[in-house]
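Chemist: Starting from the structure of chain A, add chain B where the hints point.
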Amino acid sequence: GQNIDQPTEMTATEGAIVQINCTYQTSGFNGLFWYQQHAGEAPTFLSYNVLDGLEEKGRFSSFLSRSKGYSYLLLKELQMKDSASYLCAVRDKGDSNYQLIWGAGTKLIIKP
Amino acid sequence: KAGVTQTPRYLIKTRGQQVTLSCSPISGHRSVSWYQQTPGQGLQFLFEYFSETQRNKGNFPGRFSGRQFSNSRSEMNVSTLELGDSALYLCASSIGHTDTQYFGPGTRLTVL
Numbered sequence: 001g002q003n004i005d006q007p008t009e010m011t012a013t014e015g016a017i018v019q020i021n022c023t024y025q026t027s028g029f030n031g032l033f034w035y036q037q038h039a040g041e042a043p044t045f046l047s048y049n050v051l052d053g054l055e056e057k058g059r060f061s062s063f064l065s066r067s068k069g070y071s072y073l074l075l076k077e078l079q080m081k082d083s084a085s086y087l088c089a090v091r092d093k094g095d096s097n098y099q100l101i102w103g104a105g106t107k108l109i110i111k112p
Numbered sequence: 001k002a003g004v005t006q007t008p009r010y011l012i013k014t015r016g017q018q019v020t021l022s023c024s025p026i027s028g029h030r031s032v033s034w035y036q037q038t039p040g041q042g043l044q045f046l047f048e049y050f051s052e053t054q055r056n057k058g059n060f061p062g063r064f065s066g067r068q069f070s071n072s073r074s075e076m077n078v079s080t081l082e083l084g085d086s087a088l089y090l091c092a093s094s095i096g097h098t099d100t101q102y103f104g105p106g107t108r109l110t111v112l
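Going down the list, the protein sequences come from chains A and B. If you use the numbering used here, the first sequence corresponds to residues 1 to 112, in order. If you use the numbering used here, the second sequence corresponds to residues 1 to 112, in order.
If we strip away everything but chain A, and leave its shape as in the complex, we get (with noise of 0.2 Å):
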């Protein structure tokens, strides 16, 4: 069957480095994304990957395996403000179609 697993929640220190993993098993793997929610709002597009390695954005880099079925959002140098919902979405091309298949988000807590 299709599942993605995420931790439900994390907790890190301002300032500090957290992974957020995120493991899939779909049949037909197309593509990763991220998405940050803060509490209240609607989710935010992060990060796509479809090719296996490390893509950065500024302090926020994702990382794809394929062959372990394995994504991860590394934040560096947290700050109060990434306090929120980490989302990772698989999209899968099913026996006919695309779909997107959504994890139940890692809530992550900044502490100062």
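Note that these hints are calculated values from the structure, not bench results. Don't take every hint at face value.
When the alpha-carbon atoms are kept at most 27 Å apart in a straight line, the in silico BS3-like pairs for lysine-lysine are as follows [claimed, not checked]:
#1 111/A x 57/A
#2 81/A x 1/B
#3 111/A x 68/A
#4 107/A x 57/A
#5 1/B x 57/A
#6 57/A x 76/A
#7 57/A x 81/A
#8 93/A x 1/B
#9 57/A x 68/A
Label pairs and their calculated CB-CB ranges [stated by the list, open to error]:
#10 65/A x 18/B: 41 to 51 Å
#11 69/B x 94/A: 20 to 30 Å
#12 58/A x 14/B: 42 to 52 Å
#13 55/B x 65/A: 38 to 48 Å
#14 84/B x 8/A: 19 to 29 Å
Over 10 Å on every C-beta distance to chain B, these chain A residues come out as not near it, computed from the model [said to hold, decoys possible]:
#15 3
#16 7
#17 17
#18 27
#19 29
#20 51
#21 52
#22 56
#23 69
#24 72
#25 77
#26 83
#27 91
#28 99
Glycine included, every Cβ here is placed at the ideal spot set by N, Cα and C.
Modeler: What follows is chain B alone, placed relative to chain A:
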């Protein structure tokens, strides 16, 4: 470019009533997806429309329906409202089918 807009932003209804929510996508985007989000929950996919055709559908009862117009604007309808339908309903648009999603601010529906 203007972002995704959703109307109304807030809505209070009573059990048994029906409701229609509206979503205007980013100009040039042809795909619109709808999601339900309850407190502490991840995104629950409702359906996706692309060029006026429903491309994907989530596991929601038939009380939930939608449509897309020729200008890509979309509406979602919920009939015979239940208390459990109280949620944030998010609309997201993308250029193509299952591309990067750009979310609107959401409609917060309360069913009394």
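Chemist: Mind listing which of the numbered hints don't hold for this structure, in increasing order?
Modeler: Checked against the structure, the hints that fail are numbers 3, 8, 13, 27, 28, while the rest are satisfied.
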